[in-house]
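Given the structure of chain P, go ahead and fit chains A, S, U, R and C onto it with the hints provided.
Protein chains: 6
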Amino acid sequence: MKKKVVTLGEILLRLSPPGNQRFINSTSFEVNYGGAEINVAVDLANLGVDTRLVTKAPANELGDAALRHAKSYGVDTSFVARGGEKIGTYFLETGFSVRSSKVLYDRKYSAFSTVSKDEFDIDAIFEGVSLFHVSGITLAVSPEALELAELFMKTAKEKGITVSFDFNYRSKMWSLKDASIGIERVLKYVDIAFAGYLDFINILGIPMGEGYIGENILGCYKTLYPKVMEKYNFKYIVSSVRNVVSASKNLYSGFVFNGKDIEISKEYEVDIIDRVGSGDAFTSGFLYAFLADSTDNYKIEFAAASAVLKHTIPGDTNIVTKDEVEKLFKGIGYDVGR
Amino acid sequence: MKKKVVTLGEILLRLSPPGNQRFINSTSFEVNYGGAEINVAVDLANLGVDTRLVTKAPANELGDAALRHAKSYGVDTSFVARGGEKIGTYFLETGFSVRSSKVLYDRKYSAFSTVSKDEFDIDAIFEGVSLFHVSGITLAVSPEALELAELFMKTAKEKGITVSFDFNYRSKMWSLKDASIGIERVLKYVDIAFAGYLDFINILGIPMGEGYIGENILGCYKTLYPKVMEKYNFKYIVSSVRNVVSASKNLYSGFVFNGKDIEISKEYEVDIIDRVGSGDAFTSGFLYAFLADSTDNYKIEFAAASAVLKHTIPGDTNIVTKDEVEKLFKGIGYDVGR
Amino acid sequence: MKKKVVTLGEILLRLSPPGNQRFINSTSFEVNYGGAEINVAVDLANLGVDTRLVTKAPANELGDAALRHAKSYGVDTSFVARGGEKIGTYFLETGFSVRSSKVLYDRKYSAFSTVSKDEFDIDAIFEGVSLFHVSGITLAVSPEALELAELFMKTAKEKGITVSFDFNYRSKMWSLKDASIGIERVLKYVDIAFAGYLDFINILGIPMGEGYIGENILGCYKTLYPKVMEKYNFKYIVSSVRNVVSASKNLYSGFVFNGKDIEISKEYEVDIIDRVGSGDAFTSGFLYAFLADSTDNYKIEFAAASAVLKHTIPGDTNIVTKDEVEKLFKGIGYDVGR
Amino acid sequence: MKKKVVTLGEILLRLSPPGNQRFINSTSFEVNYGGAEINVAVDLANLGVDTRLVTKAPANELGDAALRHAKSYGVDTSFVARGGEKIGTYFLETGFSVRSSKVLYDRKYSAFSTVSKDEFDIDAIFEGVSLFHVSGITLAVSPEALELAELFMKTAKEKGITVSFDFNYRSKMWSLKDASIGIERVLKYVDIAFAGYLDFINILGIPMGEGYIGENILGCYKTLYPKVMEKYNFKYIVSSVRNVVSASKNLYSGFVFNGKDIEISKEYEVDIIDRVGSGDAFTSGFLYAFLADSTDNYKIEFAAASAVLKHTIPGDTNIVTKDEVEKLFKGIGYDVGR
Amino acid sequence: MKKKVVTLGEILLRLSPPGNQRFINSTSFEVNYGGAEINVAVDLANLGVDTRLVTKAPANELGDAALRHAKSYGVDTSFVARGGEKIGTYFLETGFSVRSSKVLYDRKYSAFSTVSKDEFDIDAIFEGVSLFHVSGITLAVSPEALELAELFMKTAKEKGITVSFDFNYRSKMWSLKDASIGIERVLKYVDIAFAGYLDFINILGIPMGEGYIGENILGCYKTLYPKVMEKYNFKYIVSSVRNVVSASKNLYSGFVFNGKDIEISKEYEVDIIDRVGSGDAFTSGFLYAFLADSTDNYKIEFAAASAVLKHTIPGDTNIVTKDEVEKLFKGIGYDVGR
Amino acid sequence: MKKKVVTLGEILLRLSPPGNQRFINSTSFEVNYGGAEINVAVDLANLGVDTRLVTKAPANELGDAALRHAKSYGVDTSFVARGGEKIGTYFLETGFSVRSSKVLYDRKYSAFSTVSKDEFDIDAIFEGVSLFHVSGITLAVSPEALELAELFMKTAKEKGITVSFDFNYRSKMWSLKDASIGIERVLKYVDIAFAGYLDFINILGIPMGEGYIGENILGCYKTLYPKVMEKYNFKYIVSSVRNVVSASKNLYSGFVFNGKDIEISKEYEVDIIDRVGSGDAFTSGFLYAFLADSTDNYKIEFAAASAVLKHTIPGDTNIVTKDEVEKLFKGIGYDVGR
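Residue numbers (full-length UniProt numbering), protein chains in the order written: chain P, 1 to 338; chain A, 1 to 338; chain S, 1 to 338; chain U, 1 to 338; chain R, 1 to 338; chain C, 1 to 338.
Among the clues, some could well be false.
Stretch-level coverage of chain S by chain P, calculated; a stretch enters the list once three of its residues show a Cβ under 8 Å from a Cβ in chain P [claimed, not checked]:
#1 21-29
#2 97-109
One side only, chain A facing chain S, incomplete, derived with CB under 10 Å [as the list claims (entries may be wrong)]:
#3 19
#4 20
#5 22
#6 25
#7 28
#8 96
#9 97
#10 99
#11 143
#12 248
#13 251
#14 260
Derived by calculation from the structure, the hints in this document are not laboratory data. Glycine included, each C-beta is placed from N, C-alpha and C at the ideal position.
Chain P on its own, in the form it takes in the complex (with noise of 0.2 Å):
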């Protein structure tokens, strides 16, 4: 595909005890790196989308480990800034059945937080580039961060590259009232937005609207999200829609709403490797079929495939091929394996 792409975001590293073990007895740790807009370049490097990413990493060996991960698969990460006191990292407990999943951070002071503007050149960054992506998490890890989002977000909007944001609301990071400042502040340059009805509400203050039946939840859509529209002037509103069964098994599908019509996805029943990701996984599979003009229908059920698969792969990325999610949302059936 010869569209390119650059997301910005912190690069994580995540420490998991193996298997279905707890924190308190685990004797080792498995090794992951990621973060959401380091997932989503993943994912659409992956794909094979020219994919550039943005971050700041320590200049140590973990720093180098991490984006030795982004690199792996094609990922381009010549214009990362390197330096600051230490990669932002968090441990994460995987949950199973009746047990939830649980998760610690240690990102503040990360290298990623002390970001500043002088440490990247834009116009390079931005060569040749349709799409920028960002998550409000990169707006939510210090005012440095929020700040260079922010200027990524207009330079972007001034050459006319389209701007993908996703709300990613982190209650651990910011408060509500934080992320509305935040978020307000970046919402005028957003063209595609990844955000679910309680976004809206929550963050934004927008009421759901008379004539909500509350029996559906796509009810909701036909009453909130016209009045955000018209508001933002968004080309895309994507959500995700999550029924959590237990910690290992979740109905999902998604539908996008383009100002004017719904375009649904099927439902899956997943069972639950690692949810780390999924939602990356959506915003990827959205912004692949997007970037490849595809419909509107198709993007959201590439987007809710791609999600759902990667419920079942370890780690932060979805590492699939096109083949493989279009098998799924098309019901071609499963490979035995032989």
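Okay, now just chains A, S, U, R and C, sitting in the frame of chain P:
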């Protein structure tokens, strides 16, 4: 929590093929340490109860390792006797789906089977103690162990300490007849009895009683349990109800009868990582709530949710927080790990 | 059991990423040895049948390791030829839930593909033997392997040895047309045919027949199977029926047609650890019951339960006891492991 | 042993690539918990000394896990403060042969760095205590930690408790100048000083002295050590001597100066599995022998043999028996394992 | 090779912490199966000798697994008795450098200890057999095992079968006095005796003899060994000489005395992965060369090189080729692996 | 570094039993990807050189995984051809002490063996390139590979690109005679030749020359190397000298001859984790220093230290920093990891 608990029982080395492997071609065994009363001690200590373990461990490195397990969660092992030939051992092959689990015992001639009252300072052990717990497994280990358990129960009773007893019938350890004789010897000291209706019928020989209609397992408690209460004068009869869908999926609930009312917990569908110790987690959950002077409804909900969580945790012990247990039975939902 | 069995086929090295990992970033592969006829030999030997394997393994350490696998369960490997360039190899990525399994073959130019009748003393191999088994995979390996299989089948038939044949069609190994030619060459020697209705239609070109109503898969056997029997005069046609719910959950049953009556097994819902070798476990289960002169109902119940258990066991072979298989189809329930 | 010991320091999470892997492509890290004073506490508790740990651990699962490590060997953690943002962490890549080890610290902003005297009941902590141990690492963690350490040392001195101090200079934590200022603040309270001659020269600024002939490292103690003693009036100066042959082979010995005589231990050639904690094993070995009122010769032999054994044991702590240490320095030879 | 061998002894389950871990905090144990005479049987079978194992294994999955080990290398297990309570077990902590190995036995009350002659058809077992091997360990297991061993040795002698005996004294199994009584009972049947000079002195009570000068260990064989030969009339006395540099480095050689001449092997410096079974590899190496009618020099060189290689191979058994052994003692050098 | 490098060769899947296990009973194989010229490319890219790999990988998941390895260290794989049947594979059993390593090749019929010049745009590949490297292994793969290598070398020479060639003779791949013919075809294009004196004597048939005295291996270079230079007019002949003490200990050094002077590196004693790729690390070390226009002494010291470090790093590639290499040959000593 200020209340102190003492448990008495055998500490066992558990060896199990990793993952879903079978004994026949496994090249390693995972090592855990447990045993019914040890599990109750560790579970309670983990929840913050001051707990003391009475057992006998061999004076070798495996005895050290077993006690290290108990100490690591804060159990007081200062009254543990050391000596004997070997650590009691069992080999566990964990079943999956249509394939059953398998257990091989190698606990005959163990250190604990040679236990004697001369090895323990019972008065010191019981100083400041509120509750003593033991199970039928200890009674079945050897005549020496039965005698010791009886002495501990009798002494506890005399000192006004609540006596908790789990029938825990194991057909590989003793016959129904021997169990009947052994258990009858100690029931007079028991305040809280953990047992199922089959225990009462098969071991104590109490008939189900007229008026019972078999379609609902709870029905039997209207005819059978009052007769048990009349005879043994327990404060509580506590029972779990397990519906085995497959080796890796069970339905699980519990109920408690206080001589007057029955409180019944929610029923859970649970996928199983490791069901060993779930009965002990039920017991420890109940005792924790009992020591906290909670309502009977809270007691049984805490017990059942505690047991259900155990199925998702590798090893014999239920390393959960009070908060996790409460969230489960209050239906607060799943933390998705971010 | 006194009856001796011979099987002929390629022994393969199987390499698979551990757990639920994908090929792309796996840092180790689990090692197993198998192959359709090797699996049948090992499964039967494990059940106590005197079994002899005929194959050709490379004269190197991997050939030694492959034969060690067969010997470890008691298979007689004294007639195995050694030589050729390499061991046939396949790479298996095990699917999970919505994600399919993947297989990559690297078996062309294998030791077994260069097999020749001069390497075997057929009369000695068949001494005292009751049953000979081979599958379509062996026929597909190479012209040399097809010729050898035909010679073994013809010789067995002449010696009054029961000939068992599993169609085992593999589209990655030969076309339907080549399979049709190859399989037709040998069917005249076959007593017991393991095949599905699609094999008869697609490979043998026998039409479904009138009167079939498609809603029930078993219906087809009233119209199709009698025609097959008429043409080939098998003693038994044995088929499994697999309903793929997901890559990790299947519904599974089997039936046998003896030319007159159909016996249908129970249907099982099975969670899957490793489905490779389940077809061979079905075959070996049937043959075991056949050699034991059991009823047709017992044969198919044993076959289906045997196959179902295989799905829960890592590796290609079905290391189960007769007791485990019987307990499953008799519905005796689960040993809870204590 | 009746004598009680208190140590004060930071508990750290250690993460290290398994085997001989490097950071860059390691897919898991082994988990250990340690820290200089924690190691001394665990080593002493393991040898049977009643030991109490004073530290501050975060109130999360990693804090729990770290304390579980200390408790598992019998260390009393009942006075540990909980709170702060994160557990201090370090990443260790273990060298081999010509390849050096690498350490990355991520301990800034740790829970312990925010320690305050208000979090501890010092009088209760020191009740019945004979010896207090701390090292220069604690002083270097933060001004708050230095202040707390000084307070503990001063209080111990006032209460007649022996004060043990290990210089443990870490250039990654503070400069020589800062170390000089910090260490000078506390030396007046010290009875037993663990330090090398370079510590005295570089940190305390005491010149080597005339008459030293450089060919023998022990020679320097005739000129330098008496001057140190004169100034600081220690009871003992204890030093280890390490000759680094390669990252996996060292020569190791120790000596102790009591102001009058020097006792020198045997020199050992040791192959290295894990040298982290060997200095702490030297310290704990000496203190164990000191508490047992042994001869100075025994003290230093026990210290050196203890340290040497540590190099062969994975993890930070020296889990050995008194018998193993004595057998080593008495040259009793190797048990061949049968 | 046409000659058949029978060995008699206990098959053991060996459990050992992986890598260089200690028992105390190991979370898994590696599983191996072995035992002195089982090792000799497996080693010989691996070299192509037709070998039959006589033992008694419990009729459970661990018994199956143990026999699977023997079968996997081609040992005939068709005469193995099944029954008894448990498999003999030992726990091995492998030493490293200055740290000794540790062994804990749990073999009392094992299946083999209850062995009886009624369980074996001795005539059938010895049909066509050239050599019978047993060691002192079998004699030490139980009075029943000693009686059985004596019967096998006596019968072998009567049938003209060469009797090989390895003293294999284990102080954890019997006292020197009991060993003396037990071994004296059987020495009259022995043709080939594997023993060291201390065995003759300490167990048989034969004095070193005059004229020996202690500086060279081989010197003693001029005074002691002729006296042994005179009394017991062995065909060969075979001894290994081990110089323990550390737990992971030994010097190793061997020599054989045929009553007239001594042949001495090369001495090797060997780094140790796993020294268990090296004595058995020495024995099997000698017996292999003996059965091949080689020269005495070849016999002892083959024995020593075989034993030396064993030290580098994990597990109890010496899975090497004749070619590898010969290359080692012929000094052909190292294949660099490309 | 501005200078660009191209290497041409086969990318291989390497499978090796973990730890010190043998093939026969290993239940998993570690996965690495390498190959002589791939290793040089990865090593150089890791040191910061802009490096491009030319190879052909199968269009399947294992081909993807192999390229992921190269990409992860920054190698440009955009010119890699995809297709062919399978990935070249080799199985490596790593020796230890007295036990040799073993290699089994399964690379015949590999994707790379079917390489053709039509699959590559040579002019584009060489754009801006300073140095081209290939080894004798590529020449030995197949006639097609030899032809391609010759074309690349010829083209490079014509374009003024430095041509580097490593003899890398592999007796398992071609005979000395075939190697002689193949290598002679390309030597006229070579500027830098990596070869040992035996390569010149055995492959090129150049006699040692008079005046050589065999006691010092370097002596031969006074008689032999000038003759080689005279005939082939290389810029440099670079040789390593390896003294194999055991499979896990080597002495290693290198020297370079520039037609006039010999520069000899230090000699190192190195303990070996994984010696595969050490020759490539020697080559890449030399080329790195060559591209940096360093002195000949620096070049050979960097090459030797680079190779020596490789022995301590698992896998085929030498992931070290310039700083680590320099510290080693400058003798700066060991970082003790704190």
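Here is what the structure says about each hint:
1. By the rule of at least three residues with a Cβ nearer than 8 Å to a Cβ of chain P, the coverage given for the region 21-29 of chain S holds, with 4 such residues.
2. Interface restraint, the region 97-109 of chain S with chain P: holds (7 residues with C-beta to C-beta distance below 8 Å; minimum three).
3. Because the closest C-beta pair between residue 19 (chain A) and chain S is about 7 Å apart, less than 10 Å, the hint holds.
4. The beta carbon of residue 20 (chain A) comes within 5 Å of a beta carbon in chain S, closer than 10 Å, and the hint placing it at the interface holds.
5. Look at residue 22 (chain A): its Cβ gets to within about 6 Å of chain S, closer than 10 Å, so that hint holds up.
6. The closest approach between the C-beta of residue 25 (chain A) and any C-beta of chain S is roughly 7 Å, which is under the 10 Å cut-off, so the hint is satisfied.
7. Nearest Cβ of chain S to the Cβ of residue 28 (chain A): about 13 Å, over the 10 Å cut. The hint is violated.
8. Evaluation of the residue 96 (chain A) hint against chain S yields a held restraint, the C-beta minimum of about 5 Å falling below 10 Å.
9. For residue 97 (chain A), the suggested interface contact is upheld, since its CB lies about 4 Å from the closest CB of chain S, less than 10 Å.
10. Checking residue 99 (chain A) against chain S by beta carbon gives a least distance of about 4 Å; that is within 10 Å, so the hint holds.
11. Contact between residue 143 (chain A) and chain S, as hinted, is not supported at the beta carbon level, the nearest pair being about 22 Å apart and thus beyond 10 Å.
12. For residue 248 (chain A), the shortest C-beta to C-beta distance to chain S is roughly 6 Å, which falls under 10 Å, so the interface hint holds.
13. For residue 251 (chain A), the interface hint is violated, the least distance from its beta-carbon to any beta-carbon of chain S being 13 Å, above 10 Å.
14. Taking 10 Å as the C-beta cut-off, the interface hint given for residue 260 (chain A) is violated, the closest approach to chain S being about 32 Å.
The structure fails hints 7, 11, 13, 14 (numbered hints given earlier, in ascending order).
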